[in-house]
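*Asks:* Using UniProt numbering, the first residue of the first sequence is number 1, and each one after it goes up by one.
Rather than coming from a laboratory, the hints here were simulated on the basis of the structure.
Heads up, a few of these hints could be off.
As the list claims (entries may be wrong) - Simulated crosslink set (PhoX-like; lysine-lysine; CA at most 20 Å straight-line):
| # | residue 1 | residue 2 |
| --- | --- | --- |
| 1 | K64 | K107 |
| 2 | K23 | K107 |
| 3 | K14 | K107 |
| 4 | K107 | K38 |
| 5 | K23 | K53 |
What the hints assert, rightly or not - Label-pair ranges, simulated between beta-carbon atoms:
| # | residue 1 | residue 2 | range |
| --- | --- | --- | --- |
| 6 | E99 | L18 | 15 to 23 Å |
| 7 | Q81 | N48 | 16 to 24 Å |
| 8 | H51 | N77 | 25 to 33 Å |
| 9 | T76 | Y45 | 20 to 28 Å |
Think of the CB as a built atom: it goes at the ideal place given N, C-alpha and C, for glycine as much as any other residue.
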Amino acid sequence: MKPETLSFFDRVYKVARLIPYGKATSYGAIANYLGAAKSARMVGYAMNSSHGKDVPAHRVVNRKGLLTGKHHFDGTNLMQQLLESEGIEVIENQIQNFESVFWDPSKEL
DNA sequence: CGTATGACCATTA
DNA sequence: CTAATGGCCATAC
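Input sequences plus hints: build the corresponding full structure.
*Replies:* The structure is reproduced here in structure tokens:
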């Protein structure tokens, strides 16, 4: 019931679903992997549209590991809880040891 | 159709 | 060092 936007969004969703458990990536990393390093915003916007999809948006954060999009989740700390549930330490909406859980599609794939 | 905004990132001043 | 700006694509009004 949603017209196939068929764009970066679809590709972003695919990559987002490829994120392994206990890992997280950044918008720019995905955009870079898609060949649109300057379209990091689109990735974030795609997540916004990912509502109702199998896209683990909680595993996608900004370059600093900051849960910028946590505000878009159901609850206020839902995103943080999900990440912590995966073994990722999150404090004040910021992922600790981010590089430790950073998953770069461009490198892993 | 044109304008404004958005879960960002990198560069330049 | 911090602050400001450009770029990208899609959605909403």
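*Asks:* All the hints need checking, so say for each whether the structure fits it.
*Replies:* Do the hints match the structure? See the list:
{"no.": "1", "hint": "K64 <-> K107", "in the structure": "18 Å, holds"}
{"no.": "2", "hint": "K23 <-> K107", "in the structure": "14 Å, holds"}
{"no.": "3", "hint": "K14 <-> K107", "in the structure": "16 Å, holds"}
{"no.": "4", "hint": "K107 <-> K38", "in the structure": "18 Å, holds"}
{"no.": "5", "hint": "K23 <-> K53", "in the structure": "19 Å, holds"}
{"no.": "6", "hint": "E99 <-> L18: 15 to 23 Å", "in the structure": "19 Å, holds"}
{"no.": "7", "hint": "Q81 <-> N48: 16 to 24 Å", "in the structure": "20 Å, holds"}
{"no.": "8", "hint": "H51 <-> N77: 25 to 33 Å", "in the structure": "18 Å, violated"}
{"no.": "9", "hint": "T76 <-> Y45: 20 to 28 Å", "in the structure": "21 Å, holds"}
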